[in-house]
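Chains A and B are the protein sequences, given in the same order. Using my numbering, you'd call the opening residue of the first sequence number 337 and step up by one each time. Using my numbering, you'd call the opening residue of the second sequence number 337 and step up by one each time.
Be careful, since some hints might not be right.
For chains that are exact copies, the list does not tell them apart, and a pair is met inside one copy or across any two.
Claimed, not checked - In the SDA-like style, the derived pairs of lysine to any residue whose C-alpha atoms are separated by at most 25 Å in a straight line are:
1) Lys523 / Ala556
2) Lys607 / Asp450
3) Lys607 / Ala466
4) Lys523 / Gly789
5) Lys607 / Phe443
6) Lys607 / Leu441
7) Lys607 / Ile505
8) Lys523 / Gly638
9) Lys523 / Pro512
10) Lys607 / Gly559
Since the hints were made in silico from the structure, they are not lab data.
Protein chains: 2
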Amino acid sequence: MNGAESLLRAAAAAGVEACFANPGTTELPLVQALDRVPTIRAVLGLFEGVCTGAADGYGRMTRRPALTLLHLGPGLANGLANLHNARRAGTPIVNLVGEQATSHLPFDAPLTSDIQALAASVSSWVRTAASSEALSADGVNAITAAAAGRVATLIVPSDCQRGPGRALITAPCPPPAEPVADEAVEKAASMLTSRGPAVLLLGGRALTEAGLRAAARVGAATGSRVIVETFPARMERGGGLPSPQRLPYYMEQARAMLSGAGAIVLVGARKPVTFFGHPGQPGSTVPETAAVSVLAAASQDGAEDAAGALERLANRLRAPADIDGSVAPAPPVFPSGSLTPETLAAGIAACQPEGAIVADESVSSGFAYFPLAAGSARHTYLCHVGGALGQGLPMATGAAIACPDRPVIAFQADGSGMYTLQALWTHAREGLDVTTVICANRSYQILQFELAGLGGRPGSAAAGLLDLGRPNLDWVSLANGMGVPARRAVTADELVDALEWAFADPGPHVVEAIL
Amino acid sequence: MNGAESLLRAAAAAGVEACFANPGTTELPLVQALDRVPTIRAVLGLFEGVCTGAADGYGRMTRRPALTLLHLGPGLANGLANLHNARRAGTPIVNLVGEQATSHLPFDAPLTSDIQALAASVSSWVRTAASSEALSADGVNAITAAAAGRVATLIVPSDCQRGPGRALITAPCPPPAEPVADEAVEKAASMLTSRGPAVLLLGGRALTEAGLRAAARVGAATGSRVIVETFPARMERGGGLPSPQRLPYYMEQARAMLSGAGAIVLVGARKPVTFFGHPGQPGSTVPETAAVSVLAAASQDGAEDAAGALERLANRLRAPADIDGSVAPAPPVFPSGSLTPETLAAGIAACQPEGAIVADESVSSGFAYFPLAAGSARHTYLCHVGGALGQGLPMATGAAIACPDRPVIAFQADGSGMYTLQALWTHAREGLDVTTVICANRSYQILQFELAGLGGRPGSAAAGLLDLGRPNLDWVSLANGMGVPARRAVTADELVDALEWAFADPGPHVVEAIL
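So that you can see chain A by itself, here it is in the shape it has in the complex (with noise of 0.2 Å):
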């Protein structure tokens, strides 16, 4: 057994059992030790960000790290955008990157780069493997550090994998939630009870079934508004669920929400801040009138268990059990007539099938789908968290993979979708019951929208630079060029009946949906 096999050996035996992987020839001896250890997935991407995006969409539905297997520093490089995602996310991954020989790093060939440096970007944990004996060891700390919710990076020379491995008699498994202190559900427990009106804002872990049911006895028993954070990593939704407001994304509506709240509990979100700096504007949206305290971390800051916090607070307040927060599930009502953003939300909402993953960057055509959704079948919500584009169709896929009994939807604007469009191959590839729901609006439109904000009309560079008109992007053309089924829908009854084509057979389809 090599170096290679026992990293691999000791990651299944710590529950391992996917690995995204765009390997090149430093990798090899982790591809055929891939064969050996059949119970980890290998799964193909055409492009890094494919294979950081779907580990942190696997990482999110599995809580559950996968691994990256990544190509030297500019394989990394490829990846950093989706790992940023996935920092933000609090999402674990191990990123397994392959490394020179170590003889032959001090010959910089032409690969060679700084991987410590690019991979310290955005990991909690980033070591050099020095031997091949002391691999699956690696391997089990970079499990152990990337379990609560970390992007770990475990870069391995090749050397180390051609080596001799050493067994490790156990491999344990990573721990889950740490629950929060008994202080912080009673410092909670009095803010909310003492400065109101209050708001819990629910963030990360919060956002489970049992974690939403008790914050709405926690809101119940307080009289305090329960609101969800911007970018939700993971939330679940519908099927009666109770179903708080979101903290909108402009900085105006946000500060309009939260205005006049005397207290402001954190539970697995961060204290809101505004996505960019505004001049003369403040940073955070939080009114100066309110007191801020975290009953639970957020993920990307710890590991800590927000739903136990929540029911820990609900009981300490000794909220009833039966006010929980259950709505009746809205019918679902078809749309009709031109399609707009508005008309497409309403349409993804009515036909998404029970169970369903959701994974959104849909960016400014979706901002109509969160409220409608609340009344559609039970689902989970996937968000686009960090901020930087191309999330979308990967994310899907490691979702798919995570959870391959449920129908996933990427729903997905157009301008993002182009980062990493080389998902679609792979829902081709592994048979993906993925459908993408392309927002072909054509356009940066968000940006259009800022640059609106900043007063003048764009000249012909700038509307050049944020249209991606001429030519308009055929996502049929794409997708099928992919291997991915695709149609068009320019009106609302047409989105409708491609969407229930789409849905009517488990596998990958695009439908494309003219804005």
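Place chain B on chain A using the hints.
Frame of chain A, contents of chain B only:
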């Protein structure tokens, strides 16, 4: 005039004429400023790797830096792989990377990350702008740093773009390459005449017409062999130019070619090393018998005038000026029959128009092309230098922007082509005269070769990771989806027809060659 406009005006005054952009919110003042500085052509890429690879192609052809305009850390990250290639090629590039407003950085908003660390991994010069007033000077410093063949990265907080700018009275154009010291010429003359059999290993700036002719004179005068580095960033070829052998990629072949050399004089080339380390094998392919000296530094290590140094050396050796290595161009030989890597290479070599620029990322499918094209019409050859995949289509983009009157051929492997296929859309948007020839072998074949070298047969996991079939990519559909007309060729005769179709009409075309 705000800081953004002052920066672009200074760049324009220093000779910058192109900006390859994929901007976001933090770059919008620079986007607006592009409207006011129309001598800088703004070119949109739908993925940042397109922008950085295009800047590489542009810089290789003009020897002047283009700008890139990238969105925060994730945008830079997406462009790093091709910046790695540019760094290895010694290409001048100035990256402008937007940053959060200075006051907003402490809030650690979702898109915030350590841009400096990412930039430093590929850049010789990195600065974060500190004020709007200093931005024009920062820009000139970046251009000056880049001019010598370096990647320079200027990180520009959005407040520095928006605040008041200061006009520069003069923005000096970058200096040309530096002449080498007389001692270097003397040393080379001594090495070549006293330690034969000697090798003159050419690379970088030595591979101009003047450099090649001077090297031929030196070779004839001293009996030295002239060899070209394995992956030249840019080389003039064909039309009767001298055509030295190329140092092979594979270790054994490279060693055999250099075997017995008593001296190796490096002229714009680095001391040759193997691309990867191999167990028990030396990392260099230089024989122990050979003394190595440097006449002119490789482009990535300095901006020395390698071609001028060769001319001085030839004159120092009193080499006759008329023995300049001219050869008669070979008449084109059009291939027929089945389409193989050999007939594909022959087809391109035979059909390529006079004055073409050939951007080669053909990887394993293109090994036959280089020797065949020695007899082709005069052309410029751009090679994949740094080994990071996804360079070919973007490099062709930049070369076409740099040289609008020359036809460009992107000779592109299918696997690496998928990394940055978005470049095809820019070919269409800008109406670029780029003919992309896809080598559709539907595998990571070079890895299959490497894996075979490791012994053993790949199992299903390994085979799946090295195979691009299941489903096959359809490059005709992919190209059409981005607005580029395309044809498929399955025989050599169809290839010749398709190439003639593509070359007959200036504009973007794709020819998918099924191997």
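Evaluation of the provided hints:
1. Proximity of Lys523 to Ala556 under the C-alpha cut-off of 25 Å is restricted to the intra-copy arrangement: shortest distance 18 Å within a copy versus 87 Å between copies.
2. In this assembly of identical chains, the alpha carbons of Lys607 and Asp450 lie at most 25 Å apart only when taken from different copies (21 Å versus 34 Å within one copy).
3. In this assembly of identical chains, the alpha carbons of Lys607 and Ala466 never lie at most 25 Å apart, being 40 Å within a copy and 27 Å across copies at closest.
4. In this homomeric assembly, Lys523 and Gly789 never come within 25 Å of each other (Cα to Cα): the closest approach is 41 Å inside a single copy and 64 Å across copies.
5. In the homo-oligomer, the alpha carbons of Lys607 and Phe443 lie at most 25 Å apart only across protomers (9 Å), although the nearest pairing inside one protomer, at 48 Å, exceeds that limit.
6. In this homomeric assembly, Lys607 and Leu441 come within 25 Å of each other (Cα to Cα) only across copies, at 15 Å, whereas the closest approach inside a single copy is 44 Å.
7. Taking the closest pair of Cα atoms, Lys607 and Ile505 never come within 25 Å of each other, the shortest separation being 43 Å inside a single copy and 46 Å across copies.
8. In this homomeric assembly, Lys523 and Gly638 come within 25 Å of each other (Cα to Cα) only inside a single copy, at 19 Å, whereas the closest approach across copies is 62 Å.
9. In the homo-oligomer, the alpha carbons of Lys523 and Pro512 lie at most 25 Å apart inside one protomer (24 Å), although the nearest pairing across protomers, at 67 Å, exceeds that limit.
10. In this homomeric assembly, Lys607 and Gly559 come within 25 Å of each other (Cα to Cα) only inside a single copy, at 21 Å, whereas the closest approach across copies is 74 Å.
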